[in-house]
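Colleague: Take a look at the letters that make up each chain.
Protein chains: 2
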Amino acid sequence: MLDVCLLGTGGMMPLPYRWLTSLLLRCDGSNLLIDCGEGTQIALKEKAWSPKPIDTICFTHFHADHCSGLPGLLLTMGNAERTEPLTLVGPKGLERVVEALRTIAPELPFDLRYIELSGVRERIERKPYVIEAFRVNHRVTCYGYAISIPRKGRFDAARAKELGIPLQFWNRLQKGETIAVGAEGDDVGPGAVGTGIVARRRGKTDGGEKTDGGAHSGATAGHMIYTPDMVMGEARRGLKVTYVTDTRPVPIISEYAADADLFICEGMYGEPDKEAKAREHMHMTFVEAAKLAARAKPQPRQMWLTHYSPSLLHPEEFMGQVREIFPRAYPGKDAKTAELRFEDEE
Amino acid sequence: MLDVCLLGTGGMMPLPYRWLTSLLLRCDGSNLLIDCGEGTQIALKEKAWSPKPIDTICFTHFHADHCSGLPGLLLTMGNAERTEPLTLVGPKGLERVVEALRTIAPELPFDLRYIELSGVRERIERKPYVIEAFRVNHRVTCYGYAISIPRKGRFDAARAKELGIPLQFWNRLQKGETIAVGAEGDDVGPGAVGTGIVARRRGKTDGGEKTDGGAHSGATAGHMIYTPDMVMGEARRGLKVTYVTDTRPVPIISEYAADADLFICEGMYGEPDKEAKAREHMHMTFVEAAKLAARAKPQPRQMWLTHYSPSLLHPEEFMGQVREIFPRAYPGKDAKTAELRFEDEE
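Here the protein sequences come in this chain order: A and B.
Residue numbers for the first sequence, in the working numbering: 1087 to 1432.
Residue numbers for the second sequence, in the working numbering: 1087 to 1432.
The set of hints was computed from the structure by calculation and includes no laboratory data.
Incorrect hints may appear among the rest.
[Claimed, not checked] Derived list of chain A stretches under chain B, where covered just means 3 residues or more per stretch with a C-beta under 8 Å from a C-beta of chain B: (1) 1127-1141; (2) 1146-1159; (3) 1187-1201.
Ideal Cβ placement from N, Cα and C applies to all residues, glycine included.
The shape of chain A in the complex, shown without the other chains:
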């Protein structure tokens, strides 16, 4: 399961009734935040969530409404006694910007680690998340993010039985572990074979082939090696959330919104006749955002709009035309949440 919370929906400046746009993802006890404007830590507190389990913060770009809340959040994480390192992801210049902001938060009980993006497309694995960053088109360098939770294939118990794999190894194989068993039938431990992938490769290089019993012949004579692919089916559809803000509509957005469970997209202006203004300020109208969702192949399952202009008081008033273009579009609102579940997940 992936918990999604749109902490705020405002652009430009925080308002008494609207926090700045920011997204929190929660999965397997590790939280990932995208953007952190002024007040984001308060929005988090309003949900009664601690900032302590935030392991990764991704920044789309360095305009203040997307990063001015960072020093306060870091201090609050420190006060919550976080000691594990925090990974920050963002455009080139990230370390310079964050270190400047840290002038007012110089002492923290945890380390900051920086991943600076420079390519048009980048891919980062931060378990349980796979983070894909893609460059969009704003006044300054700006990235969109597609965050995925991959899902392994199904465990094939019948096959495991057929191959004679001892029951006590099933759970470890499901977790992706490779198991080497000594000549006496003892598990010689993962140290003997390294990671699953390496073990399989070694097995092949060493001319290993399936025995009648179904186990790989190991690198060391007399050992049996059980690998996950022996009992796990093809990887299944995972979960994916795509987050895009502060950009003109560009095709790469549709590409990364494709097949997303949730596509969160900026809509600075509700009124379709504000397209000229959107163009001038390098933002989008609701209609432009909806067209991006409609063009994605396959289309995202739903879209939430966000990053409203302070002058846009009632986004829901402009949804009619949007839904003609992309029916599963909804106006984002502060603290809007979704619990995304894998297909057939309880």
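Using the hints, position chain B against chain A.
Modeller: Only chain B this time, still in chain A's reference frame:
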């Protein structure tokens, strides 16, 4: 009249129900802000006030809860199309800190001017305000502020009549202007005499003395010079607000709180038994703050407590013992306002 608004009352971190401690003063169309933590601009917006007329921002010190809201506020002031320069006052290092924060607000349509404090006591005139800064005792360099609105003496119309000062000059004399009149009775303009103070000094240096007509004999032969002191009484009691936060109790605080119309003072902890904790963190309990007010001579007219620990939920519960020490003590709360008026002001 001096409008006072305690925009927030929190210490350490902003909370959903409590903004960070910050004070807004409004007088004669010019606003002065003390401290600007994360969310201060939202607190301002909640009052439906524009940040545009803020001409001066004073910082007590550079901990994030007192200055992290600055970049956002500056951008919002820019969006409100402020073009007049903004003066920032704060401890040494101010320009370095603010310029670092401005990494995310690099382009503003107005200039920033810096006044860095280094002395134990400093005095700055920023009309209509007189700003007195005094060093307190925190973990980092920290200043308290006493902000005064001076009040001129009363205009003595009988005396002006007696001195034969033409009626058309009365209003200008009341405003503090010095008026030079040529031999033909024409006002030769302020350019002829410079500022009032200089003119009077010049008059004296040049051996000027009162004529029978009552006007000073000017620097230039044949000119008459009318100065405000000829018709204005002694300066009257003005207005004064003293603001102190993030410090242990030190005598200089009572000194500057003396005779204040309003003394706003930190009380991080309500529980008197938290004095050891207050000492450790270089903060104060309510009782310690009350003692500072009680020791001031003359005592301030009232005191508001602020800068509460996030763990302090109901400050009003601890006011009993405080009022035994200083009866006119009140727990500050977000958006608490006062309209301070001069004595006998309508």
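Colleague: Identify every previously stated hint that the structure contradicts and give their numbers, smallest first.
Modeller: none
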